[in-house]
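Using the sequences plus the hints, can you model the full thing?
Residue numbers (this note's numbering), protein chains in the order written: chain A, 1 to 366; chain B, 1 to 366.
Covered by chain B, per the in silico footprint, the following chain A stretches (three or more residues, Cβ under 8 Å):
#, region
1, 17 to 23
2, 200 to 214
Going by beta-carbon spacing under 10 Å, a handful of chain B positions derived as facing chain A:
#, residue
3, D3
4, N7
5, L27
6, T114
7, Q115
8, T240
Simulated from the structure, these hints should not be mistaken for lab results.
Please read these numbers as outputs of a predicted model, since none were measured by experiment.
Note that beta-carbon positions come from the ideal geometry of N, C-alpha and C, so glycine has one too.
Protein chains: 2
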Amino acid sequence: MADRIYNFSPGPAMLPLAALEEAQRDLQALPGTGISILEISHRSKAFEAIINEAEANLRKLLGIPDRYRVLFLQGGALLQFAMVPMNLLRGQGKSADYILTGSWAKKAMQEAKTQGGVRVAWDGSSGNFKRMPSQNELDIRSGATYVHMTSNETIQGIQFPNEPNAGNVPLVCDSSSDFLCRPLDISKYGILYACAQKNAGPAGVTVVIIRDDVLQSMPTDLPSMLNYRELADSKSLLNTPPTFAVYMVKLVTDWLLRDIGGLDEMHRINKQKAEMLYGVIDQCGGFYDGHAEPASRSIMNVTFRLPNAELEEKFLKEAKSRGLVELKGHRSVGGCRASIYNAMPVEGVQSLRDCMLEFHDRNKPA
Amino acid sequence: MADRIYNFSPGPAMLPLAALEEAQRDLQALPGTGISILEISHRSKAFEAIINEAEANLRKLLGIPDRYRVLFLQGGALLQFAMVPMNLLRGQGKSADYILTGSWAKKAMQEAKTQGGVRVAWDGSSGNFKRMPSQNELDIRSGATYVHMTSNETIQGIQFPNEPNAGNVPLVCDSSSDFLCRPLDISKYGILYACAQKNAGPAGVTVVIIRDDVLQSMPTDLPSMLNYRELADSKSLLNTPPTFAVYMVKLVTDWLLRDIGGLDEMHRINKQKAEMLYGVIDQCGGFYDGHAEPASRSIMNVTFRLPNAELEEKFLKEAKSRGLVELKGHRSVGGCRASIYNAMPVEGVQSLRDCMLEFHDRNKPA
Numbered sequence: 001m002a003d004r005i006y007n008f009s010p011g012p013a014m015l016p017l018a019a020l021e022e023a024q025r026d027l028q029a030l031p032g033t034g035i036s037i038l039e040i041s042h043r044s045k046a047f048e049a050i051i052n053e054a055e056a057n058l059r060k061l062l063g064i065p066d067r068y069r070v071l072f073l074q075g076g077a078l079l080q081f082a083m084v085p086m087n088l089l090r091g092q093g094k095s096a097d098y099i100l101t102g103s104w105a106k107k108a109m110q111e112a113k114t115q116g117g118v119r120v121a122w123d124g125s126s127g128n129f130k131r132m133p134s135q136n137e138l139d140i141r142s143g144a145t146y147v148h149m150t151s152n153e154t155i156q157g158i159q160f161p162n163e164p165n166a167g168n169v170p171l172v173c174d175s176s177s178d179f180l181c182r183p184l185d186i187s188k189y190g191i192l193y194a195c196a197q198k199n200a201g202p203a204g205v206t207v208v209i210i211r212d213d214v215l216q217s218m219p220t221d222l223p224s225m226l227n228y229r230e231l232a233d234s235k236s237l238l239n240t241p242p243t244f245a246v247y248m249v250k251l252v253t254d255w256l257l258r259d260i261g262g263l264d265e266m267h268r269i270n271k272q273k274a275e276m277l278y279g280v281i282d283q284c285g286g287f288y289d290g291h292a293e294p295a296s297r298s299i300m301n302v303t304f305r306l307p308n309a310e311l312e313e314k315f316l317k318e319a320k321s322r323g324l325v326e327l328k329g330h331r332s333v334g335g336c337r338a339s340i341y342n343a344m345p346v347e348g349v350q351s352l353r354d355c356m357l358e359f360h361d362r363n364k365p366a
Numbered sequence: 001m002a003d004r005i006y007n008f009s010p011g012p013a014m015l016p017l018a019a020l021e022e023a024q025r026d027l028q029a030l031p032g033t034g035i036s037i038l039e040i041s042h043r044s045k046a047f048e049a050i051i052n053e054a055e056a057n058l059r060k061l062l063g064i065p066d067r068y069r070v071l072f073l074q075g076g077a078l079l080q081f082a083m084v085p086m087n088l089l090r091g092q093g094k095s096a097d098y099i100l101t102g103s104w105a106k107k108a109m110q111e112a113k114t115q116g117g118v119r120v121a122w123d124g125s126s127g128n129f130k131r132m133p134s135q136n137e138l139d140i141r142s143g144a145t146y147v148h149m150t151s152n153e154t155i156q157g158i159q160f161p162n163e164p165n166a167g168n169v170p171l172v173c174d175s176s177s178d179f180l181c182r183p184l185d186i187s188k189y190g191i192l193y194a195c196a197q198k199n200a201g202p203a204g205v206t207v208v209i210i211r212d213d214v215l216q217s218m219p220t221d222l223p224s225m226l227n228y229r230e231l232a233d234s235k236s237l238l239n240t241p242p243t244f245a246v247y248m249v250k251l252v253t254d255w256l257l258r259d260i261g262g263l264d265e266m267h268r269i270n271k272q273k274a275e276m277l278y279g280v281i282d283q284c285g286g287f288y289d290g291h292a293e294p295a296s297r298s299i300m301n302v303t304f305r306l307p308n309a310e311l312e313e314k315f316l317k318e319a320k321s322r323g324l325v326e327l328k329g330h331r332s333v334g335g336c337r338a339s340i341y342n343a344m345p346v347e348g349v350q351s352l353r354d355c356m357l358e359f360h361d362r363n364k365p366a
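This is the structure in structure tokens:
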């Protein structure tokens, strides 16, 4: 770690050092092939083994049932915002319910509007997106084509403690910023998707987990690259997949299984890291003003404000001087944000906690 | 190059060793940042410099005029097959002309059919796609919305010696498998696109060069990630781009400028490499049966058959034992194919030439 620093970026985010080291060691040639992972054919046996292992790792970590397909796609969550309604929402009488929990949920609904009918099942905007809805606040129609949720709002720093109950309506989840942070009951979802660049790998690949029966209901007249069924039938090899990014997902999930020991343990560590920072927020008497209501606090993105813009700038500068970077909040909301994804070491969070406590001591109101 | 071999894969393909070495050296942390390229924020100054340099390198290599935008997108050429008609072909009375030169051109037209009216401007299928059309064979309507061409057919191994003249109709070109192999007059194109994994970088990024006035004619009601105008306005940063793949495009284009000296020289080398293999085909009295007619021979993909399947298998085995791999033709057409993109060293082609000559000597008909 000699010249590496603690990077609290909301994504792309830190990766496990073990994964970076293995990628670096083998970058000129994968063992036994004489060919770099950056050059290898996506139809080769070596790559077939890599993509199969990445899928097997995800199935093992999340206990994904056999009736779900695991796809490795391109275009990020933003393309999924469009592909979900393209595949599910076109046709007479179809309409989807969206749970508006923050910036990303709003964006997902906006994209869906280009493809079909959408309706709001809950809207947290009047409360400034400080919390997730409770089950009885959700107005989900039993006849909705699907319900869309965002499990973690990266920008606001709020997270569903559990998935809502959508009854018989297929639940579609953007899990981009908390995928693999904790165990998940995949059987509750129709589709769950996540761009990789938070917990699963580098930017450039998006994992889509999709139930067989949902897949079967889809139209066949879409362009191939936007058609879940064609993508699933080809096992994500309709054209050249982002081979290197898939390889990195394999290395990161190897690390989760081998070095961490699975998602129960990862969850324990993530809660421990989050509690360190929320502890500071709670004990500094409002100096650090947390955005999220306690019951909706994200264990991935900790958002807070300081008493004024000058102190915020001073704090960010001081943190940077201690090797703690990318702590500025999203440009749309300001403030500070510490993204503490799976690969952020406990030591990095301890260092940020100490920085926050010391900064408070020196700058608190007299 | 100790344990690296000569990889004649049609893509992903060999990359310049200098680019691999630099990527490997800096994989844990980009100089001066303490953050890996795999972890760096796409909104950071360091990444902004990288994507700007990648674009500047492409502009310099190809002499791209200011009135063209250069985009770095995801989804490969297959998604471009759909995005072009989505953006250009929707609306009353629009219809595009497709030049059917081989497998990829056919696939491009098939995808376009899902979005609007298409028409064939020339069809080489009856001649088994052994050649490109001459200008006077092309039936391009002056009122066509655009004309689509495929500059190089990877599977058949044929290449346009020059772009056809489309008059005032915007010329849209899939240049995936010969992009950067030679100088190009970009001003003749409305849109030129190329997935990176042949001459420009690894899989996972697609370069799209698009003229301002073509961009202005596009609809605005498309999903963001499928909307060229939104993508151009955001400078390819509508969401997280494939940061590592863009970085590799920068390293590969650095190599083209610094180590090769530009596209004139690259073209000279590519012609030299291609002539070595076509020379063997021509001098072995039909033992190696080249697919392409001489005037349409691709300088990127050299396709040929041996007298029978047993000899083909024996040849592939012998080549492999000499460290020459991925010489099997595409599964849809069979035979052999040597893809000799920019990064394939002259020495690799010499080695294949020697292998072909010796194999011929030992196996030619008595």
